[in-house]
Amino acid sequence: MDWLAEFPSLGKRDLRDLKKGIDGSFREWSRSNGDAIEAFFDPLYFFLVWLEKLLIATPWPIILIIVAGLAYLGSRSWKLALGSVVSFMLIGYFGMWKDMMATISLISVSTLICIAVGIPIGILMSRYDRVQSAITPILDLMQTIPIFVYLLPVVMLLGIGRVPGLIAVCVYAIPPIIRLTNLGIRLVDKEILEAADAFGSSYRQKLFSVQIPLALPNIFAGVNQTIMMALAMVVIASMIGVKGLGMPVLQAVQNQYLTLGLMNGLAIVALAIIFDRVSQRYGQRLQAHRYGKEHE
Amino acid sequence: MSKTKLKIENLYKIFGPRGKSFIDPVKNGMSKQELLDNHSHVLGLNNINLDIPEQRIQVIMGLSGSGKSTLIRHINRLIEPTAGAITVDDEDILSMSQLQLREFRRKKTSMVFQKFALLPHKTVAQNVAYGLTIQGEQESIAKEKSHKWIESVGLSGFEERYPAQLSGGMQQRVGLARALATDAPILLMDEAFSALDPLIRTDMQNILLELQKDLHKTIIFITHDLDEALRIGDNIAILRDGKIIQKGDPQQIIMKPADDYISDFIKDINRGKVIEVKSIMQKGSSKGTSLDSSCSLEDALKVLNNEKNNECSVVDDNGKRIGKVTLDAAIGALFREKASRNKEKYK
Numbered sequence: 000m001d002w003l004a005e006f007p008s009l010g011k012r013d014l015r016d017l018k019k020g021i022d023g024s025f026r027e028w029s030r031s032n033g034d035a036i037e038a039f040f041d042p043l044y045f046f047l048v049w050l051e052k053l054l055i056a057t058p059w060p061i062i063l064i065i066v067a068g069l070a071y072l073g074s075r076s077w078k079l080a081l082g083s084v085v086s087f088m089l090i091g092y093f094g095m096w097k098d099m100m101a102t103i104s105l106i107s108v109s110t111l112i113c114i115a116v117g118i119p120i121g122i123l124m125s126r127y128d129r130v131q132s133a134i135t136p137i138l139d140l141m142q143t144i145p146i147f148v149y150l151l152p153v154v155m156l157l158g159i160g161r162v163p164g165l166i167a168v169c170v171y172a173i174p175p176i177i178r179l180t181n182l183g184i185r186l187v188d189k190e191i192l193e194a195a196d197a198f199g200s201s202y203r204q205k206l207f208s209v210q211i212p213l214a215l216p217n218i219f220a221g222v223n224q225t226i227m228m229a230l231a232m233v234v235i236a237s238m239i240g241v242k243g244l245g246m247p248v249l250q251a252v253q254n255q256y257l258t259l260g261l262m263n264g265l266a267i268v269a270l271a272i273i274f275d276r277v278s279q280r281y282g283q284r285l286q287a288h289r290y291g292k293e294h295e
Numbered sequence: 000m001s002k003t004k005l006k007i008e009n010l011y012k013i014f015g016p017r018g019k020s021f022i023d024p025v026k027n028g029m030s031k032q033e034l035l036d037n038h039s040h041v042l043g044l045n046n047i048n049l050d051i052p053e054q055r056i057q058v059i060m061g062l063s064g065s066g067k068s069t070l071i072r073h074i075n076r077l078i079e080p081t082a083g084a085i086t087v088d089d090e091d092i093l094s095m096s097q098l099q100l101r102e103f104r105r106k107k108t109s110m111v112f113q114k115f116a117l118l119p120h121k122t123v124a125q126n127v128a129y130g131l132t133i134q135g136e137q138e139s140i141a142k143e144k145s146h147k148w149i150e151s152v153g154l155s156g157f158e159e160r161y162p163a164q165l166s167g168g169m170q171q172r173v174g175l176a177r178a179l180a181t182d183a184p185i186l187l188m189d190e191a192f193s194a195l196d197p198l199i200r201t202d203m204q205n206i207l208l209e210l211q212k213d214l215h216k217t218i219i220f221i222t223h224d225l226d227e228a229l230r231i232g233d234n235i236a237i238l239r240d241g242k243i244i245q246k247g248d249p250q251q252i253i254m255k256p257a258d259d260y261i262s263d264f265i266k267d268i269n270r271g272k273v274i275e276v277k278s279i280m281q282k283g284s285s286k287g288t289s290l291d292s293s294c295s296l297e298d299a300l301k302v303l304n305n306e307k308n309n310e311c312s313v314v315d316d317n318g319k320r321i322g323k324v325t326l327d328a329a330i331g332a333l334f335r336e337k338a339s340r341n342k343e344k345y346k
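Protein chains in written order, with numbering that gives the first Met the number 0: chain U, 0 to 295; chain F, 0 to 346.
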């Protein structure tokens, strides 16, 4: 009755050969194609480096003015704009200005990529049920698979540095914007769509003049979530060599530097709160028409 | 009788994944209930035949679930029929390609919805111009036209408001203006006034009738409200369980209800107001006062009562004598027939 006590499994040697085989062929493949793939991501790398250098080279008062301006434009709240400026000044005062600029450039680029890739995918999902049922499990996988598991092949392919970090952040942060774009479009009132059809709208006209505008609050909630998740990845991205506020946190963990960890951790939190509040307020203002408030 | 604008022939709609395969059983007499119980398909429309005359208001009336909203959505193919034919100006709607259909919807039909279905993120002016915008109309022309229609429904000054800032009645005026702005000859109105309260509803009916005097559109008007149907309909078709059980002008429906279902339906209306003299007219002539053939019973009774021998002559629109009417006949018409009392033959 031995076969009952032990689960029938592949022999140890077979298993080792299987793993070795796959590892070997992937390594081979990544060696032969690594350069090409790296070249493919080159523009991204240059853009990232350019933005980071630009942010660091820009005199700090100008950055503060831009921050205040964006925060006010997004939220229409002086309090929030003032709070953002004070937070930035505190972070800079404690010597984290450069790291913060690096983190902001990473978050901005990855959010832009997520929006550019995620919204079209979300639109496709909302149009075709088949696409939805094919992509939903992939999103589930992306959100639940341990991050290190997909960091591994990325690092094997691209080495360590900014670009693999960026890819890792995007993989982790893109699901909410895809999901909420799809959901937002699917939730648009059927009667309004019927009216658009009855007046002879084409699919494109319906998409751009009815579905997307009415889905915007949801799409924007997706953008907000994407930014938050990208920020959450900052520390993990630093493990594969991404500069920014995450790096000192990692050092602090490794060396038990309590203050260093706390300061950089709090700086990340401050950034997260600013991004979250500003983008949320902006999203709320997009729905003003629903409650009959005055519109700009 | 004006010419037929829209012709619906042998139209069937069976909801469900295998609708087509139940056409023959339904034609051979399978009932709605049987189809639902044994095959889980819903019989939406059952052999609809209707000729809709040009430039008139055709009312389609029925209670909820009778298929009236399904029927109106077949005219612009928001719902595809399972079998049958629909022609507009002798053009077959059902054989149109998607592109032709879009063109048809833009140029030939427009629609007003029960729940308004306005675009909440666009202003009143933008909503009214919507049909023109998607046709690629120049902005200045679209603006001008929409302004004109906003004015004609009495909403001047509200151009830059958003739908959520307006009351229900005002929102439906926007809906009406939006539908009129494309100058489409066929206007589909799906319970357009049902969501409004009674006073506003009467207002909207007046606006519609007033506009119709100049516009002469072919209007298909869906309602569940008999008073509304009698008030605005040139012709009425009554729908029940997806079948037309009577069609005719309002006078025919009241004077000769096709079955007990309809007599029950009309039992609560004010007959004195609705029935016109021409419906109770007899042959012959009378020396009494002349009454217009479309004069209501209520008004006629007063005149008849004052006549010496309780008789009046009836004249048509051109003043020509066409018959006579007596007090007895007028009083008789006020009483509804008792046929449906206590018996529920239908069901």
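Treat the hints with care, since some could be wrong.
Once the Cα atoms are required to be at most 25 Å apart in a straight line, the calculated DMTMM-like pairs of lysine to aspartate or glutamate come out as [stated by the list, open to error]:
1. U/Lys-205 <-> F/Asp-226
2. F/Lys-323 <-> F/Asp-259
3. U/Lys-205 <-> F/Asp-233
4. F/Lys-31 <-> U/Asp-188
5. U/Lys-18 <-> U/Asp-41
6. U/Lys-189 <-> U/Asp-128
7. U/Lys-78 <-> U/Asp-275
8. F/Lys-106 <-> U/Glu-27
9. F/Lys-277 <-> F/Asp-298
10. U/Lys-189 <-> F/Glu-79
11. U/Lys-205 <-> F/Glu-158
12. F/Lys-114 <-> U/Asp-275
13. F/Lys-286 <-> F/Asp-316
14. F/Lys-114 <-> U/Glu-27
15. F/Lys-142 <-> U/Asp-275
16. F/Lys-114 <-> F/Glu-297
17. F/Lys-121 <-> U/Asp-128
18. F/Lys-319 <-> F/Asp-233
19. U/Lys-189 <-> F/Asp-89
20. U/Lys-205 <-> F/Glu-159
21. U/Lys-205 <-> F/Glu-138
22. U/Lys-205 <-> F/Glu-136
23. F/Lys-2 <-> F/Glu-143
Keep in mind the hints are simulated off the structure, nothing from the lab. Quantities reported herein were computed from a predicted structural model and do not represent experimental measurements.
task: Mind listing which of the numbered hints don't hold for this structure, in increasing order?
output: Hints 1, 2, 3, 4, 5, 8, 12, 14, 15, 16, 17, 19, 23 contradicted; others consistent.
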